[in-house]
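Input sequences plus hints: build the corresponding full structure.
Single-letter residue listing:
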Amino acid sequence: MFLKSVTAISLAALTLGATTSIVAAKEKKKPWEVTKVQVKAPKGSPLDYLASGYWFRTKKTQSLQNDDFENPGFLWVEQGKTLWSKVDGKAGKSCASCHQKAEKTMKGVGARYPVYFPKWKKMMAIQHRVNYCRENNMKAKKWKWESGQMLGMATYIRNQSRGMAVAVKVDGSAKKFFEAGKKFYYQRRGQLDMSCAGCHQQNFGKRIRADLLSQGHSNGFPTYRLKWQKIGSLHRRFRGCNSQVRAKPYKRGSAEYTNLELYLAWRGLGLKIETPAVRQ
Amino acid sequence: MAQPRVRVPKKIKKGEVVTIKTLIGHKMETGLRRNKKTGKKIPRKIINSFEAKIDGKTVFKAVLHPAVSANPFISFTISPDKSGTIEFIWTEDGGKTFTKTAKFEVA
Amino acid sequence: MSQTEQIEGVHRRSFLIAGVGGAAFATVQLTPGVALADKAAVAAAMKKAIGDKKPVAGKVSIDAPEIAENGNTVPIGIEVESKMAGGDAVKAVHVYAEGNPNPEVASFWFTPGSGAAKASFRMRMAKTQNIIVLAEMADGKVYMGKRLVKVTIGGCGG
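Protein sequences appear in the order of chains A, B and C. Just add 784 to wherever you are in the first sequence, counting from 1, and you've got this note's numbering. Just add 25 to wherever you are in the second sequence, counting from 1, and you've got this note's numbering. Just add 1012 to wherever you are in the third sequence, counting from 1, and you've got this note's numbering.
Hints are computed from structural coordinates only; laboratory data are not their basis. Hints may be right or wrong, so weigh each one.
Keeping only pairs whose Cα atoms sit at most 35 Å apart, straight-line, the calculated DSBU-like set for lysine-lysine is [said to hold, decoys possible]: (1) Lys-35/B - Lys-1014/A; (2) Lys-865/A - Lys-52/B; (3) Lys-82/B - Lys-1065/C; (4) Lys-1011/A - Lys-1158/C; (5) Lys-1011/A - Lys-1051/C; (6) Lys-1011/A - Lys-78/B; (7) Lys-1095/C - Lys-107/B; (8) Lys-870/A - Lys-52/B; (9) Lys-78/B - Lys-1158/C; (10) Lys-1059/C - Lys-844/A; (11) Lys-62/B - Lys-865/A; (12) Lys-1095/C - Lys-844/A; (13) Lys-1103/C - Lys-844/A.
As structure tokens, then:
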């Protein structure tokens, strides 16, 4: 039985973010800009409301995300765009050969992932799907999950859904993966015996040492983290979190993390995709 | 993937001081990190200097050290008195350069 | 889980989840195994740039966060009050980080075409420390600005 989180987000943190949007109101608002601090939580959610990780960061960090020029994450969006039209593999195709212009064909796609593919009976993240295409349709070598190319491609694809609401499907054939991800989220692990929920559901808005805890959503991933000084995948973040509670991290692309990614996406249903977000 | 990018206003009023923004993708490897598996030091490789020239004449110069974050962002101002072309040059340890140019109009 | 159970069960983790105040600032370096600069190193670095000139406080403003979101990428803005003409023109600006492995951060050179002595960039900070900026004027004077930036130890991933 999980208690609905009544932890109030530290008002200071939110006011910080809220003032940004008030000041920025003088300039023209871009359609994908993060304006709503509190978003309605999905039905059945243990949270009272959703707040993007954006609101838990300083104004300066937010300003890096607000400007596509200053946002270093866009270096990876550009990378992805270049790779999209690059012919690769024995079949002599590029992504564009089948998918034409990503701005059109990939719009909304990233927002639906991870997706269950009945043909292969697999729950797949964007990276899995890209590699599937590369291997089978392009006859090209798979890309490593955290390679420059895969990060570029995943960021480019998700970026096409920027400003659109997270829209994963968790019922029907996706249900068992969803339940597995949910179990993982609440499971305490590691020498520090902590769960995702312990920080991100029960204590968001509070600090763990000096880090301000967010609700732990994935709407900004792949994300440019100031700490990493580059774009990183959601599974990289999972590995970091698991390592830090002294639990053995799973592999990027593992079933455990893909199921968790699905569950996490559901927790953030309705939040706008911000890829490439800028976080700490 | 250096992918240098620059933001230069296309139209500048005479006497106006405008902000130029630049960003280049680069790891800015400090030379202090060690390979986690082998223990060997990862050699330094950074963008060590940046120069902006208007019609061949230097208008702004910077020397960077490893303390500059990866994907260096540098912004500065210019106040040109006539239309021209601005050239940006980033130089890496070892001498490799990356360049970008932009035109502007002064009215 | 009731509020009481939460509190009870959290005893092991309570020292990590600091509810009130007590942000942990990195007064200890975050880069183990790397020697950090000392006052002598900073003085030597400055001497390299301005020789034996004695800097005077003033004219330099440093735009930096009070607390860095993350020490690896800290946005810094420098501005020197100047008419950008005659002896008052700013020749160069030198940035130092007192507590980094190497105190030198960056140097910027301005010209009459600059319009203003302003520059922004992003830097790495190993720990809570002062950012010191020296501004060399055309008439030979050197002005100095100093700003303390706090760098925190994150709790998880920070």
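Proposed proximity, Lys-52/B with Lys-865/A (alpha carbon, max 35 Å): Satisfied, since the Cα-Cα distance of roughly 20 Å is no more than 35 Å.
Is Lys-1011/A within 35 Å of Lys-78/B, Cα to Cα? 33 Å, holds
Hinted pair Lys-1011/A and Lys-1051/C, Cα distance within 35 Å: Satisfied, since the Cα-Cα distance of roughly 27 Å is no more than 35 Å.
Compare the distance between the alpha carbons of Lys-1059/C and Lys-844/A with 35 Å, and conclude whether the hinted pair is satisfied. Holds: Lys-1059/C and Lys-844/A sit about 33 Å apart, inside 35 Å.
Holds or violated: are the alpha carbons of Lys-78/B and Lys-1158/C at most 35 Å from each other? Distance of about 30 Å is within 35 Å: holds.
Given hint Lys-844/A paired with Lys-1095/C - CA-CA distance at most 35 Å: Holds, at roughly 29 Å.
Within 35 Å, alpha carbon to alpha carbon, are Lys-1011/A and Lys-1158/C? Roughly 25 Å separates the two Cα atoms, so the pair holds.
Is the straight-line distance between the alpha-carbon of Lys-82/B and that of Lys-1065/C 35 Å or less? Holds, because 29 Å separates the two Cα atoms, which is no more than 35 Å.
Are the Cα atoms of Lys-1095/C and Lys-107/B separated by 35 Å or less? Holds. Lys-1095/C to Lys-107/B sits at ~20 Å (cutoff 35 Å).
Assess, step by step, whether the Cα of Lys-62/B is no farther than 35 Å from the Cα of Lys-865/A, and give holds or violated. Holds: Lys-62/B and Lys-865/A sit about 33 Å apart, inside 35 Å.
Are Lys-870/A and Lys-52/B close enough, with their CA atoms no more than 35 Å apart? 24 Å, holds
Pairwise hint evaluation, Lys-844/A against Lys-1103/C, where the allowed Cα distance is 35 Å at most: 29 Å, holds
Violated hints are absent here; each numbered hint is respected by the structure.
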